[in-house]
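Engineer: Fit chain B with the ligand to the supplied structure of chain A, relying on the hints for placement.
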Amino acid sequence: MEFLRPSTWDEALAAKAEYPSAVPIAGGTDVMVELNFDRHRPEALIDLNRVPELHTWEIDDDVVRLGASVPYTRIIDHLTDRLPGLSLAAHTVGSPQIRNRGSVGGNLGAASPAGDAHPALLASGGRVEVASVRGTRMIPIDDFYLGVKRNALEEDELILAVHIPSATAPQQFSKIGTRNAMVIAVCSFGIGLHPETGTVRTGIGSAAPTPRRATDAEEFIAAELADAGLWASRGELAASTAQRFGELVAQAASPIDDVRGSAAYRRHALSVMARRTLTWTWNEYRTAGRAAA
Amino acid sequence: MTAEILGRGRARVEGPAKVTGAAKYAADLHPSGLAYGYLVLATVGRGTVTAVDAEAALASPGVLAVYSPFNPLKLYGGIVHSDQSFLGQNWLPLQDAEVRHHGQIVGLVVADTFEQARRGAALVRVVYDARPPVADFAAALPNAVSPGPINGEPDVLDLLAPGVPSIEAALAAAPVRAGGTYTQPPKNPVPLEPHATVAVWDQAGLTLHLGTQAAMPSALTVAAALGQDPARVRVLSEHVGGGFGGKLYTWAHPLLTAAAAQALGRPVKTVITHEQMFSVTGNRTPVHQTVELGASADGALQAVKHEAVSGLSTSGLIFEQAAHTTSRYLYKAPNIHVAQKVAMLDAPPSTWMRAPGEEPGSFALESAMDELAAKLNLDPVELRLRNYSTVVPGRGVPWSSKHLDECYRLGAARFGWNRRAQRPGSVREGDWLIGYGMASAAYPGNQFPYTMAKVRLRADGGAEVSSATADLGTGMRTVLSSVVAERLGLPGERVAAVLGDSVLPMNYGAFASAGTASTATAARAAASAAVAQLVQVAVQNAASPFHGLDPKDVVYAEGRLTGPGGLDAAFGELLTRIDVSGVEAQDGSAPPPDARNFAVHSFGAHFCEVRVHAWTSEVRLRRFTSVIDAGRIVNERTARSQIAGGLVFGIGQALFEGSVMEPASGRTANANLAEYLIPVNADVPVFDIQFLSHPDTNFNEFGARGIGELGTVGSAAAIANALFNATGRRVRDLPVTVDKLFG
Ligand SMILES: Cc1cc2nc3c(=O)[nH]c(=O)nc-3n(C[C@H](O)[C@H](O)[C@H](O)COP(=O)(O)OP(=O)(O)OC[C@H]3O[C@@H](n4cnc5c(N)ncnc54)[C@H](O)[C@@H]3O)c2cc1C
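So the protein sequences, as listed, match chains A and B.
Positions in the first sequence are counted from 1; adding 23 to them yields this note's numbering.
Positions in the second sequence are counted from 1; adding 807 to them yields this note's numbering.
Isolated chain A, as found in the complex:
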């Protein structure tokens, strides 16, 4: 097995071009487990830890450009204001040790339906900046997840960063696990309010072959909020609306029974999480409005 240690981004891209089947390592919290279990025996590993750009972030006016390898701990410590949904999701990942190493780039690379960053990214919206020796492209997060543990990367591409809009309104993330910490989600849910576009975005985790949005639920709530003029009035949300939103989120999932939980439970829990997180974010939005006024 080759072990490649590029020290610049260009070297990394060259290595990936030369060894398309090589497995990149960021924090290694997924890769090393796979190697330990002997699930993979890649011909080469590309250690990305010496590539500086991957470990930094930049803040434009309204977008955070988050380097692929920035660990969850730093997101929690430095980016909670701008990326509240992702930060909440980061809090629930593994343990302190895992959060010190694990990264959003790695979560995207692994593209597990249970990865905790995905519902938050779907809910905030964003684009994944990927590159190869052939050039750079931006993949909208909605187009990134293709199948179980499959993403939209070409075999010579690497993830450089994720561009995530700074939150303009409340976001939430909710996860149910099989114990209180150090667990893969039974199911999870992310939500973000986007008053500037009059939309609410969602992300469902661990209840379908890929992370996915609940588009019917999003359209329903957008229409409800618009029809009643609630974005402007910051009026109260009817309980029945939140209830219906929850049901539509549950319908958007296609869960299975597995050792972590039954499909029926997942649907039920998703409807609960969706209803509750919608209510929380909306109430927070209303309070923030009053405070500002």
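Read the hints as simulated data drawn from the structure, not as lab findings.
Think of the CB as a built atom: it goes at the ideal place given N, C-alpha and C, for glycine as much as any other residue.
Watch out, some of these pointers could steer you wrong.
Anything over 12 Å on all C-beta distances counts as not near chain B; from chain A, calculated [what the hints assert, rightly or not]:
#1 34
#2 44
#3 70
#4 154
#5 219
#6 241
#7 260
The calculated label-pair distances, taken between Cβ atoms and stated as ranges, are [said to hold, decoys possible]:
#8 B:1471 - A:307: 46 to 56 Å
#9 B:1223 - A:258: 39 to 49 Å
#10 B:1481 - A:37: 27 to 37 Å
#11 B:1471 - A:266: 38 to 48 Å
#12 B:815 - A:311: 55 to 65 Å
#13 A:311 - B:1237: 21 to 31 Å
#14 A:24 - B:999: 24 to 34 Å
#15 B:1481 - A:43: 24 to 34 Å
#16 A:314 - B:1223: 37 to 47 Å
#17 A:177 - B:823: 51 to 61 Å
To give an idea of the chain A side of the interface with chain B (calculated C-beta under 8 Å), a few residues [stated by the list, open to error]:
#18 61
#19 201
#20 203
#21 205
#22 282
#23 285
#24 288
#25 291
#26 292
#27 295
Structural biologist: Chain B with the ligand only, in chain A's frame:
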């Protein structure tokens, strides 16, 4: 000065070594010339190995040898059915081509480095003639068979009142009945220290470093399997990073490692992985139980029927004896029926995992008692007090000491049990449903025969106590040091405890919660013998100021000898003066009390508060109160840790743990610590642990019974009962996961 050394919270003596990394475990050792072993495990659940292609492995860098059924290491089969054997299974590895379970050892690769050995193992190609395994416990239940007598009693035991024809008749006559079917999956002890072994041969024979609960039995077993004189095999096990029964028996890997080291003329180390641990080193068998209780309207039990079927590996040897260890004696009832069967499975070998029998049995019985209390609309504590047994049913003998009633009452008071709502699902705080539950705990007071200890008084003024037991985090070192320090009147720091070595005075090891009762009483006796020996030396040695005195006139107290005419010397001074490096003596534990006169158990009562999310059914434990009646507590600090650890085990049983065996292949699907869930800190609530103090001098002079397993007994039932109280939902299939509570 030292009277209070016992009982008070003394920190464990090896604590600093453990937290600084100075403590050396077997896997930490690197003798020079070391080679590394890596196991090759079967990938089918049953069948025969027809060929092993080792060519690629042997050609791989660093590989020294590939052992397999076709290139075996000789092991002597006589050990398999011997009384002396602590072999954990009923066959020896590589001696035949049979595959008895998935993950069975079918090869050992030895190489210069660990990585080379692992690589070599991956290159070994094993060809099987596979047959379908019997690996579906539920499907095997109808074929369950009698296991033979249990604890000297029939496997189907009826204790019926005169004139009552059967337990069914007694149940039919009872106005109120409750119970159900209770099930739980197989479990694994999963200690964090991996099972590791390092074998070093020299002229004196074999030194085997092995994390084990039982150094001396391991040495005898290894010697017999290797065809060695027992005097030529020494097992060292200075530190053991958790065992829980998983390191009680001698498994196959130390035998192969020792044989390989001998064959290759080099030390060999084999550390098994967490994944391998699930099939190589013993588990708790799955259990299926039915309990039916019949009571009169006032809650007096009329009939207790408890039938259990446990899995039993075709590789042996152990199965959970759920009914005989619980319903057999816990409550006074005129009619008791307990029965045990075993369903044979092509599963990895099993072991005595913490509270074997009592763990599943107490979950079933104490859940059923809660169900009965609900039917009677009676407080569960009151129900237990109404059925309190003071003599063993069917035998009429009393307990050596039993204060379980005090545990109930004190526990209820400490916990605030009177705030419990009798009606389930009726207490809510915001989105959370609140529930209270309780259960009883009882575990036999065991004491091994022939346990020996040695105490040496040294010229430097220090003392040393030794015995071939183990400290797997239990606090045994600290207990031995404290017990001897108290007897000798010395500060604890001056008494070193040495254990974990098979050549030390005779000891079966650390299991069955018998450590303190057995080894501490032996140590205390040895300390007294050492003092007598000191006095003898003092009066006999010509250079001694006590020379020529009658031993009766020489008094030992607080580290000093005194005699007539103001004679006075600290023992260290005396020994230095007469130029003797030390005096020592051995003595043994007193024989356990005659079972015809007393039954011996440790007791406890658990009370627990849970929160269940009203919408998602997520469970949070809020607090636990456990009141423990275990005789005299030698060191409250380490004792508390033992109970807390037992409770954490119970939390695992109730909410998380279970090995998932695939019926078709016999493979354990979740053989790793990511998917085999054990409680993490965030799952563990505040524990309020209170010890009663009623020294059990009918049991031993010292008055101490065991505590290592007690915390595990009943704690899962307390949780399940609290979940019922919170939600009105009775889950009888463990672990209680969110979807069972919800669905
Ligand atoms: C004990 C434990 C607990 C865990 N708990 C959680 C949890 O609660 N929630 C959760 O979501 N995950 C969890 N994980 C999984 C893991 O920590 C996360 O998926 C994490 O985000 C992976 O990040 P990493 O930097 O370690 O990725 P790595 O392991 O380095 O890589 C993961 C994948 O991404 C690829 N990759 C990495 N960087 C790039 C790049 N720049 N371009 C292209 N591909 C790339 C790798 O090749 C690999 O396929 C846990 C893992 C462990 C070991």
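Engineer: State for each hint whether it applies.
Structural biologist: Here is what the structure says about each hint:
{"no.": "1", "hint": "34", "verdict": "holds, 27 Å"}
{"no.": "2", "hint": "44", "verdict": "holds, 19 Å"}
{"no.": "3", "hint": "70", "verdict": "holds, 18 Å"}
{"no.": "4", "hint": "154", "verdict": "holds, 32 Å"}
{"no.": "5", "hint": "219", "verdict": "holds, 31 Å"}
{"no.": "6", "hint": "241", "verdict": "holds, 22 Å"}
{"no.": "7", "hint": "260", "verdict": "holds, 17 Å"}
{"no.": "8", "hint": "B:1471 - A:307: 46 to 56 Å", "verdict": "holds, 50 Å"}
{"no.": "9", "hint": "B:1223 - A:258: 39 to 49 Å", "verdict": "holds, 44 Å"}
{"no.": "10", "hint": "B:1481 - A:37: 27 to 37 Å", "verdict": "holds, 35 Å"}
{"no.": "11", "hint": "B:1471 - A:266: 38 to 48 Å", "verdict": "holds, 43 Å"}
{"no.": "12", "hint": "B:815 - A:311: 55 to 65 Å", "verdict": "holds, 56 Å"}
{"no.": "13", "hint": "A:311 - B:1237: 21 to 31 Å", "verdict": "holds, 23 Å"}
{"no.": "14", "hint": "A:24 - B:999: 24 to 34 Å", "verdict": "holds, 29 Å"}
{"no.": "15", "hint": "B:1481 - A:43: 24 to 34 Å", "verdict": "holds, 29 Å"}
{"no.": "16", "hint": "A:314 - B:1223: 37 to 47 Å", "verdict": "holds, 41 Å"}
{"no.": "17", "hint": "A:177 - B:823: 51 to 61 Å", "verdict": "holds, 55 Å"}
{"no.": "18", "hint": "61", "verdict": "holds, 7 Å"}
{"no.": "19", "hint": "201", "verdict": "holds, 6 Å"}
{"no.": "20", "hint": "203", "verdict": "holds, 4 Å"}
{"no.": "21", "hint": "205", "verdict": "holds, 5 Å"}
{"no.": "22", "hint": "282", "verdict": "holds, 6 Å"}
{"no.": "23", "hint": "285", "verdict": "holds, 4 Å"}
{"no.": "24", "hint": "288", "verdict": "holds, 4 Å"}
{"no.": "25", "hint": "291", "verdict": "holds, 6 Å"}
{"no.": "26", "hint": "292", "verdict": "holds, 5 Å"}
{"no.": "27", "hint": "295", "verdict": "holds, 4 Å"}
The structure shown violates none of the earlier numbered hints.
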